[in-house]
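Sequence positions in the sequence shown follow my numbering and run 3 to 166.
Simulated from the structure, these hints should not be mistaken for lab results.
It is possible that part of the hints are untrue.
Within a straight-line C-alpha distance of at most 30 Å, the following computed DSS-like cross-link-like pairs (lysine-lysine) qualify [said to hold, decoys possible]:
#1 K103 with K126
#2 K103 with K61
#3 K61 with K72
#4 K72 with K42
Derived CB-CB ranges, DEER-like [said to hold, decoys possible]:
#5 S41 with W89: 37 to 47 Å
#6 G110 with A140: 55 to 65 Å
#7 A101 with P124: 14 to 24 Å
The beta-carbon is built from N, C-alpha and C at its ideal position, and this holds for glycine as well.
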Amino acid sequence: MSLLRTAVADSSRAALRTNSAAPLRQFSTSPIKAAAQQSKDPQLGDYPDLAFISLQQRKYSPKWWDPQEKRNFGETPHEQDDVLSVWAPDVHSIPASSALKQFMVAIGVVVIFGSTVYAATPEKPALPRTYPRDGLAAELGGKQVAAPKEGAFSGEAEDDNDDE
Numbered sequence: 003m004s005l006l007r008t009a010v011a012d013s014s015r016a017a018l019r020t021n022s023a024a025p026l027r028q029f030s031t032s033p034i035k036a037a038a039q040q041s042k043d044p045q046l047g048d049y050p051d052l053a054f055i056s057l058q059q060r061k062y063s064p065k066w067w068d069p070q071e072k073r074n075f076g077e078t079p080h081e082q083d084d085v086l087s088v089w090a091p092d093v094h095s096i097p098a099s100s101a102l103k104q105f106m107v108a109i110g111v112v113v114i115f116g117s118t119v120y121a122a123t124p125e126k127p128a129l130p131r132t133y134p135r136d137g138l139a140a141e142l143g144g145k146q147v148a149a150p151k152e153g154a155f156s157g158e159a160e161d162d163n164d165d166e
């Protein structure tokens, strides 16, 4: 087992030495950021290479020609305008770790509140209702219409009736 660990550790160290310019956490990079780091697309020709910045991050100003889209008249749209426009999926400014902490705190508050309500609920003030004399069979007109007494129900009686 230790031989396997040594081999894996040596190979990972060698990979780190050879790819020192590559980011260590390459799988954590979002596709949007990765697209911004790529070289210019040769099919764009002389189209301007604009910064990869979402229009959602622009501050609102009533002086915009299109205040809803936050752009001026004649402004050149980005190549990936559908990804960077105001109508694209939201740009989150809260880190994932902070959002996870906030979510866990909210769940904890709900669980603590539910546990407190469960613990503070009083027991039933009375025992379950039971009837004397075979569930008042004589008073109600016979065993067919008698109120069920505690423990009187048996699933075997129903199974016997189904076979007939």
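Hint check results:
1. Of the supplied pair hints, the one linking K103 and K126 is violated, its CA atoms being roughly 39 Å apart against a limit of 30 Å.
2. For a cut-off of 30 Å, the pair hint linking K103 to K61 stands: about 28 Å separates their Cα positions.
3. Restraint check for K61 and K72: satisfied, since their Cα atoms lie roughly 8 Å apart, inside the 30 Å limit.
4. At most 30 Å may separate the alpha-carbon atoms for a hinted pair to count; K72 and K42 meet this at roughly 25 Å.
5. For S41 paired with W89, a C-beta distance near 28 Å fails the hint of 37 to 47 Å.
6. For the pair G110 and A140, the supplied restraint of 55 to 65 Å holds, since their beta-carbon distance comes to about 58 Å.
7. Checked against the hint of 14 to 24 Å, the C-beta distance between A101 and P124 comes to roughly 39 Å, which is inconsistent with it.
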